[in-house]
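Trainee: Sequence:
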Amino acid sequence: MTITQLTYVIAIAEHKNFTKAAEKCFVTQPTLSTQIQKLEEELEVLIFDRSKKPIELTEVGRKIVQQARNIVNESERIQDIVDQQKGFIGGEFRIGIIPTVMPTLLPMFLKAFIKKYPKVKLKIEELTTDEIILRIKEGHLDAAIAATPLESENIKERVLYYEPFVGYIPEHHRLFNKKTIEVSDLEIDDMLLLEDGHCFRDGIINLCKAFKDQNDDNFQLESGSIETLIKLSNEGLGMTLLPYLHTLELNDSLKVNLHHFVEPSPAREVSIIYHKSELKMQIIDALHSVISGIIRGAITFQNVKIISPLPK
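Numbering (this note's numbering), first residue to last: 1 to 312.
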C-alpha cells in the first residue's frame, strides 16, 4: 500500500470517474486503474462498485476513503515539519473566502502579504461557507476566511476581526431620520437580503428574530450581491444592512444613507479557519498576522455584540 495509491482512491471517490480522476492526478487512466486494482488485491476487498454509473464506493470503500484522507493529510505534515524547522514560508497555499468578505478584505491585505512573503503562491477562490467547510474537510483547501462561529467538527477558528453591521436606509424610509438605529427597529419584511446560501443573510435573520417573532418567508427581494441590494434600496424597495468594510468604499452621496446602531453594535466575527490537523501553520500564522495588523487600522469598534452566522 502506498500514499500514491491512496491519493488515487481519494480522487476517484471525489470524481466518481476513473478518467477524470486520472486527469486530476496527472497520470494515464490505465496507470491509475492498475494501481487501484493492486490495492484492492492486496486488501482483498472491492473499494469501488464499477457496475454503477457513476462509480460508487462500496460500504468498506467509504471507510477506506475516510482513513485514506487522514493518512494523506498526515503524510503532508512531514514536509510542513521540515519547512517550519528551516523557517521556510512558501509554496502553494489554497484559500477560500466568502463572497461578503472577498471584495473588501482581499484588496486590503493581498499586496502587503505578497510583498512580505514572496515565496507563497496563493490560490484564492470565492466560495460559500458550506463549500468552504466541505473543501477543507476533503483536503482541497488549506484554509479559508469566513464568518464564525461555525461549530464545525475538525475545523479550528482564529478570529481576525469583528465587523459591525451598518444600516443602509434611503430617504423616505420610516427610519431615515433616526440618527442611530436599534435592533428593535428592524422589520424582517422590510429588509432586502442576499440570496439563500450567504451566511451574512443568516446573520441578519438571526438579528431580526432575536427581538421579534418574525416570519422569515416575508422578504420583499433577494439578490446575489451587496451592490445590487444598495441599488434596490435606492429605488425605494426597502432597507438593508451592510458589513462595515463595504461602507468605506461608498461615495458621499450614498454615505448619507448609512445609519449606525446604538452600542453594543451588532457585528459578525470574521476568522481564518483550517483543519485541526494544522497543515501549513507557518503560512496560516503569516496570514493572520498580516490581516490582523491591516484591519486594526480600518475597524476601531470595540463595543460590539457578535451575531452568529448559523441559521436558528
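Don't read these hints as lab results, they were simulated from the structure.
Fair warning: this is a prediction, and the values are worked out from it, not measured in the lab.
A virtual CB, placed ideally from N, CA and C, is assigned to each residue, including glycine.
Treat the hints loosely; a few may be bogus.
[Unchecked claim] Taking CB as the label site, the calculated pair distances span:
| id | residue 1 | residue 2 | range |
| --- | --- | --- | --- |
| 1 | Thr4 | Gly297 | 45 to 51 angstroms |
| 2 | Glu227 | Thr4 | 45 to 51 angstroms |
| 3 | Leu248 | Thr34 | 45 to 51 angstroms |
| 4 | Lys16 | Leu43 | 19 to 25 angstroms |
| 5 | Thr58 | Leu250 | 29 to 35 angstroms |
Trainee: Next step is simple, just say for each hint if it's right about the structure.
Mentor: Now for the hints, and whether the structure bears them out:
1. Thr4 to Gly297: 45 to 51 angstroms: holds (47 angstroms)
2. Glu227 to Thr4: 45 to 51 angstroms: At roughly 46 angstroms between Cβ atoms, Thr4 and Glu227 fall inside 45 to 51 angstroms, so the hint holds.
3. Leu248 to Thr34: 45 to 51 angstroms: violated (57 angstroms)
4. Lys16 to Leu43: 19 to 25 angstroms: Roughly 20 angstroms apart at Cβ, these two residues keep to the hinted range, so it holds.
5. Thr58 to Leu250: 29 to 35 angstroms: violated (56 angstroms)
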